[in-house]
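What follows is each chain in one-letter form.
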Amino acid sequence: MMSYLLSLTIWTPIVFGFITLAFNKNDCMARYVALLGSIIALVFSLIVFHTFDPQQTAMQFSENYAWVPSLNINYHLAVDGISMPFVMLNNFITVLVVLAGFKVIKQKVALYNAMFLMMTGFISGSFCALDAVLFYVFFEAMLIPMYLIIGVWGSTNRVYAAIKFFLYTLIGSLLMLVALIYLYNQAKGSFEIFDYYNLPLTMGIQILIFIAFFLSFAVKVPMWPLHTWLPDAHPEAPTGGSMVLAAITLKIGGYGFLRFILPIVPDASRELAGVMVALSLIAIVYIGLVALVQKDMKKLVAYSSISHMGFVTLGCFLFVGANLNTWALEGAITQMISHGFVSAAMFFCIGVMYDRVHSRNIADYGGVVNKMPVFAAFFMLFSMANSGLPGTSGFVGEFMVIMGATQTNFIAAILAGLTLILGAGYTLWMYKRVVFGAVANSHVAEMSDVSKREFLILTLLAIAVLVMGIYPDLFVAKMHASVGHLINQVAQSKI
Amino acid sequence: MTEMNLYLTIILSPLLASTIVGLFGFALGKKISHSLTILGVLISTIGSYCLLNKVLNGGLTYDGPLYTWLTVGTQSYSVGILVDSLTATMLTIVTSVSLMVHIYTIGYMKGEEGYERFFSYISLFTFMMIMLVMANNFIQLFFGWEGVGLVSYLLIGFYFQRESATFANLKAFLINRIGDLGFLLGIGLVLAYFGTLNYAEVFAKLHEISGVTFLNTGWNAITVICLLLFVGAMGKSAQFPLHVWLPDSMEGPTPISALIHAATMVTAGIFMVARLSPMYNMSETALSFIAIIGAINALFLGLLGLIQNDIKRVVAYSTLSQLGYMAVALGCGAYSVGIFHLMTHAFFKALLFLAAGSVIVAMHHEQDMRKMGGLWKYMPITYLVTIIGNLALAGIPPFAGFFSKDMILDAASNAHEHHMFGSSFVVFCVYAAVFVTACYSFRQLFMTFHGKERFREVHHDDHGHDGHDAHGGHGHSEPKESPWVITLPLVLLAIPSVIIGWLAFDKFVPGEFFNGTIYNAQFFAEEIAKDPIAPLAMIMHSLHQLPVYLALSGIIVAFIAHKSPAFVAVVKAVFKPVIYVMERKYFMDDLFINIFAPIGRALGKILWSIGDILLIDGLIVNGSARVIAIFSKIFRRAQTGYVNSAATYMVLGVLILLTFCTGLILH
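These protein sequences, in sequence, are chains W and V.
The opening position of the first sequence corresponds to residue 0 in numbering that gives the first Met the number 0, with each subsequent residue numbered one higher.
The opening position of the second sequence corresponds to residue 0 in numbering that gives the first Met the number 0, with each subsequent residue numbered one higher.
The reader is advised that the hints may include incorrect statements.
To be verified - Listed next, the in silico SDA-like pairs over lysine to any residue satisfying Cα-Cα at most 20 Å (straight line):
| # | chain 1 | residue 1 | chain 2 | residue 2 |
| --- | --- | --- | --- | --- |
| 1 | V | Lys604 | W | Val292 |
| 2 | W | Lys298 | V | Lys29 |
| 3 | W | Lys298 | V | Ile532 |
| 4 | W | Lys24 | W | Phe101 |
| 5 | V | Lys506 | V | Ile532 |
| 6 | W | Lys294 | V | Ile532 |
| 7 | W | Lys294 | V | Lys29 |
| 8 | W | Lys294 | V | Ser608 |
| 9 | W | Lys298 | V | Lys506 |
| 10 | V | Lys604 | W | Val284 |
| 11 | W | Lys107 | V | Asp611 |
| 12 | W | Lys294 | V | Asp611 |
| 13 | W | Lys294 | V | Lys506 |
| 14 | W | Lys451 | W | Asn360 |
| 15 | W | Lys370 | W | Asn360 |
| 16 | W | Lys451 | V | Ile532 |
| 17 | W | Lys187 | V | Lys506 |
| 18 | W | Lys24 | W | Trp10 |
| 19 | V | Lys29 | W | Val373 |
| 20 | V | Lys604 | W | Ala376 |
Unchecked claim - Derived list of chain W stretches under chain V, where covered just means 3 residues or more per stretch with a C-beta under 8 Å from a C-beta of chain V:
| # | region |
| --- | --- |
| 21 | 350–364 |
| 22 | 423–430 |
Said to hold, decoys possible - Counterexamples of contact, computed for chain W against chain V with all Cβ distances above 10 Å:
| # | residue |
| --- | --- |
| 23 | Ala21 |
| 24 | Leu34 |
| 25 | Ala65 |
| 26 | Phe101 |
| 27 | Ile210 |
| 28 | Thr325 |
| 29 | Trp326 |
| 30 | Met383 |
| 31 | Tyr470 |
| 32 | Asp472 |
| 33 | Ala476 |
Please keep in mind that the hints were generated in silico from the structure rather than gathered at the bench.
Note that the coordinates shown come from a computational prediction; the quantities given were computed from them, not determined experimentally.
All residues carry an ideal CB built from backbone N, CA and C; glycine is no exception.
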């Protein structure tokens with residue numbers, strides 16, 4: 000079984016997705032089948048996490064079969080310390096998402112669950128794929144379920160949001176396809192991503208390829224100024240959609256920087272690092288300020304996600320001479336994992352309130368703690384994690400990136416550090432207006448505290464957030480070898 | 000390994016109690032909840048005394064890791080424990096005061112909603128403070144640092160239904176975050192220059208780094224690090240201009256004002272500087288800066304105590320002033336004196352706060368001193384301990400505060416002799432503040448306990464300041480002395496407020512207790528070594544020195560003002576503009592609330608509406624969408640439904656695209 004582990008992780012949810020579709024007359028069965036499928040996938044990914052050898056720099060759990068031999072396209076899967084945590088995060092979040100939709104989603108239940116399961120499989124696939132075409136297929140395929148999730152189960156403005164989401168991401172990825180085809184020709188007919196790592200490329204070509212990849216991944220992250228689809232998509236998406244979107248989909252963007260841009264075009268990366276750092280800092284500060292004045296909770300958390308993802312791109316492009324900074328790079332990955340937990344939790348908390356009051360407006364709330372004390376405690380924990388409090392996962396990544404920045408670029412460190420104030424500002428100000436105070440209106444007065452199902456989801460997320468805050472080495476230790484390898488690769492010029 | 004068990008017991012027992020009560024308090028009930036948390040802190044307290052004893056008599060020290068928190072590259076960063084005389088001293092202070100506050104809370108919070116929650120919080124606070132104090136590295140220090148900030152935030156907002164409370168806790172958290180930004184950057188520079196975050200390893204490398212300049216500037220790197228770290232201390236220890244959160248923090252229940260906002264958390268910054276004394280010694284600039292900031296706190300924020308009418312706010316401003324004294328001690332290189340004052344202050348200020356709380360309980364949660372008066376008859380124990388606390392605070396010999404404050408004055412004069420930058424200003428401030436301190440503290444005493452029984456004149460209405468009217472009847476019932484759970488901690492805190500200065504003076508100031516832990520600046524160490532002085536001799540000596548007479552005249556002025564309203568009226572008339580400025584708190588609140596915060600919000604609005612909505616979305620995204628829309632009109636016939644058909648086309652489109660590209664490649 001061990002040699003098929005990645006395939007099992009990827010295809011189990013997809014197969015279960017199809018099985019779920021068969022239960023479109025029986026909502027209850029559809030839910031449980033979907034839950035079963037997501038749990039099995041999670042177990043597979045946990046086995047991967049557990050048996051992963053952190054000492055190795057080589058790719059692990061490799062599977063390589065010819066797919067389209069005439070074009071030399073292979074079904075090549077493997078993980079290293081950079082991609083492996085995301086596979087686990089992805090499957091973990093999906094279990095919660097399926098649970099989160101249990102009582103809430105009442106129409107087209109089978110389709111809803113099937114879409115999430117398939118998306119999980121596609122996402123895992125894009126994290127594991129080492130063949131460029133395979134990656135591209137997974138990468139594009141996951142757009143479809145997300146588009147449907149927003150478009151079918153979303154709120155009033157869902158069609159605009161869904162189309163905006165789709166077009167944004169599609170345009171980016173088309174340019175990536177062009178770049179991949181160019182690389183295929185240069186590499187004498189190979190779609191193997193690792194073959195591109197040693198491909199000599201002139202600076203001009205590198206910069207063009209950089210831009211093509213950049214547009215594709217920066218939209219996903221999303222980086223300023225390609226971010227405006229996210230605050231529109233989130234409020235329209237159902238809770239589960241927001242959770243996956245924030246926790247996982249954005250991470251593919253960050254992963255793309257690490258797997259494609261940095262090792263394939265290292266010289267262009269160095270050349271353009273200044274621009275990337277500037278864009279990241281704009282994301283952190285500008286978007287942090289924008290988040291401060293949001294009236295819609297989901298928009299607020301969406302902006303907060305962009306701001307937090309700014310740390311990821313910042314961490315990826317802090318160079319000292321030819322070398323990337325270890326603190327910053329590992330911090331970027333850590334930040335992505337942490338943000339996966341925290342943003343999913345924040346969106347779930349908002350979903351819990353939305354299910355009761357049917358409003359995302361901060362002004363429609365006030366004094367929630369009086370009616371939902373248990374919920375308020377969880378929400379406080381996640382708000383603190385979102386503000387980067389030490390002891391929660393939210394601190395670790397930001398801390399590491401800021402440490403990296405002080406070693407390489409002090410001005411960047413100061414600006415990135417502003418998130419301490421801004422992050423706490425927008426998160427806790429929202430918390431104050433929503434949760435504290437006297438009961439504000441009759442809707443709040445009718446709120447009931449969390450159900451057992453919601454309690455379970457919140458507890459699992461809380462454990463993840465705390466474990467990662469108290470013992471981050473559990474995750475970080477797995478990535479040293481791969482990150483070190485990546486840094487060596489990027490240090491070599493390809494011109 | 001027995002020592003290790005002791006350390007872990009001290010650290011974990013409050014955490015365990017807090018977690019159990021926090022999670023299951025609703026089921027356990029009040030009695031078990033408070034017993035459990037008190038037990039947890041009691042175990043910690045006993046452990047701390049054992050530890051202190053071992054350090055004092057056995058010379059115990061320990062510095063080692065617990066577990067690896069994070070590895071980056073090849074370096075690992077551990078959560079660890081550092082035990083030495085400074086740790087032991089701080090632990091004893093923290094756990095003792097915490098224990099007293101735990102017991103006191105039984106009486107103070109009786110019948111309040113969220114009783115179990117309150118106990119869970121203060122035990123969690125104790126744990127965080129212990130982590131901060133026992134840390135052997137910067138990351139853990141920051142963990143404790145932010146952890147106590149979190150609990151402070153939760154407790155200031157304990158009465159979460161009140162707008163003023165939730166405003167105050169947000170303000171406290173954000174102002175502290177401004178400081179933490181500096182602190183974090185300081186930690187980052189420590190890592191950048193020293194390559195490690197462990198205290199001992201940093202200290203070992205100090206001499207290598209001493210000459211290094213910061214980036215391309217001419218500044219000394221260590222000075223920059225010290226200043227940045229101190230910015231953190233300015234937030235946490237409420238130093239000007241980041242002090243604005245502390246007076247508002249009085250929105251929290253009184254026990255936490257005593258524990259967190261007087262005795263322990265706010266002294267974390269002082270502790271941090273003392274802990275890093277080897278580093279601070281290498282930067283005269285940083286020391287001068289600390290001393291000047293401290294002097295501003297000591298005098299100018301102390302002055303605000305003179306015009307407060309809320310009993311807790313008087314004590315709050317006096318805390319700001321005393322924190323300023325501690326900072327002055329640090330800035331003058333007399334770290335051990337700073338810690339000495341931290342300790343005496345912890346006891347007498349916790350006492351004063353808890354005594355104020357006792358008054359508040361008796362007055363049915365009325366905090367305005369103008370509605371009190373003549374209480375000494377009704378609450379003799381509270382009255383007595385308040386006198387003791389105020390005498391200690393004013394620095395009257397032989398009370399605890401006298402010794403520590405006198406040493407700070409000496410340290411300031413000594414720094415002046417050694418031409419420290421800004422020392423004339425510092426010396427002026429700390430001497431003038433002696434007068435001010437005595438004046439406001441006795442003004443509070445007179446207003447509360449003496450004079451006309453003004454509580455008979457007023458009707459207690461329901462907008463009590465500190466919580467709900469859960470403490471029995473209303474109206475004209477005479478105030479009663481508080482129950483023993485309140486008075487016992489008062490008495491137990493009054494004892495050290497009298498004797499701790501005398502007892503500990505020998506050890507702390509000239510003695511060798513802190514050898515190898517705190518390194519006083521050379522000129523101060525030499526000064527002390529030159530003429531060691533015994534407590535009794537010090538008292539005799541002080542009788543023909545200025546400070547004691549300054550303090551006495553402060554008391555006399557307070558007395559005159561109490562007896563003669565005409566005198567107050569004249570003073571008020573003469574200093575009208577000054578008092579206006581003071582009533583506006585030197586406009587510092589306005590700076591943050593009416594300038595910085597609106598600027599932030601306005602920037603956010605502008606960036607959002609102009610940057611995001613108008614430019615990016617309006618011009619670029621929707622603009623290109625409109626162009627596409629024109630083309631799409633041509634294909635309108637193909638559009639049938641909404642999403643489902645769109646998805647079909649999408650899949651189709653992707654497939655066509657793939658085919659197209661494949662064709663391209665094959666070509």
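TODO: Of all the hints given earlier, name the ones this structure violates by number, lowest first.
DONE: 2, 3, 6, 7, 9, 11, 13, 14, 16, 17, 18, 20, 21, 28, 29, 30, 31, 32 and 33
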